[in-house]
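Enquirer: Sequence:
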Amino acid sequence: MRFRRFGRDAVAVVWLAVVWVLLWGSVRPVTVLGGVLVGVLVTAGVRLPPSPERLPVRPLRLLILIAYVLADIASSTVDVAWQGLRHGRRARGAVVAMPLLSGSDTVVTTIANAIALTPGSTVVRLDRERGQCYVYVLGPRDRAGVERSRRELMGTQRLVLAALGSAEEITACERWLKEAR
12 MRFRRFGRDA
22 VAVVWLAVVW
32 VLLWGSVRPV
42 TVLGGVLVGV
52 LVTAGVRLPP
62 SPERLPVRPL
72 RLLILIAYVL
82 ADIASSTVDV
92 AWQGLRHGRR
102 ARGAVVAMPL
112 LSGSDTVVTT
122 IANAIALTPG
132 STVVRLDRER
142 GQCYVYVLGP
152 RDRAGVERSR
162 RELMGTQRLV
172 LAALGSAEEI
182 TACERWLKEA
192 R
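Just so you know, we're using this note's numbering here: the sequence shown kicks off at 12 and counts up by one.
No lab work stands behind these hints: they were computed from the structure. From the three backbone atoms N, C-alpha and C, an ideal C-beta is built for every residue, glycine too. Certain hints may be false.
To be verified - Cβ pair distances, simulated, as ranges:
hint, residue 1, residue 2, range
1, Thr120, Leu74, 17 to 27 Å
2, Tyr79, Gly36, 23 to 33 Å
3, Ile77, Val57, 22 to 32 Å
4, Leu52, Arg152, 45 to 55 Å
5, Val30, Thr133, 15 to 25 Å
Could you build the full structure based on these sequences and the hints that come with them?
Expert: If you want it as structure tokens, here you go:
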């Protein structure tokens, strides 16, 4: 148990050091050392309780999810710029309701973050009681565009579930996508 906590803390220190170096924009040894020092101080000073949920992390699927989010950020940036150039102030958007198919707080947070990171979309509300996620998306100009956006959002949810979700959640998402065609 002690070794597991050390490993988790070591990963957190490395991650915080990377963020520190990125914030400073320099990989000089003093900056890296400062990042490690900040990481050690933060992990020693902030003790979060261990998460009670055990997610089935699938590393290859997680890498696919990360690659998808990065590609989606790039393509959505171009799409948002095009919307602005093409329509200007007449650009339209819609609030799209998407079913949340996971009961895990960590998975739902990951889904919301993957969506919110994408330019042109913002998570407006998570309604856990009804199992709905409401997302503002830029671009849909008609009902077909709204449905296309909903399928794209569900595709993102499918990738998150493939990386972190249960088999039942993955099956439910696949079923939803098949019925939405």
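Enquirer: Work down the list of hints and note, for each, if the structure agrees.
Expert: Results of checking the hints against the structure:
For threonine 120 and leucine 74, the Cβ-Cβ distance of about 19 Å falls inside the hinted range of 17 to 27 Å, so the restraint holds. At roughly 27 Å, the beta-carbon separation of tyrosine 79 and glycine 36 lies within the given 23 to 33 Å, and the hint holds. Isoleucine 77 and valine 57 have their C-beta atoms about 25 Å apart, which keeps the hinted 22 to 32 Å range intact. Roughly 51 Å separates the CB atoms of leucine 52 and arginine 152, a value that falls within the hinted 45 to 55 Å.
Separation of valine 30 from threonine 133 is about 23 Å and conforms to the stated range, judged on CB atoms against 15 to 25 Å.
Violation of the numbered hints given earlier is absent; every hint is satisfied by the structure.
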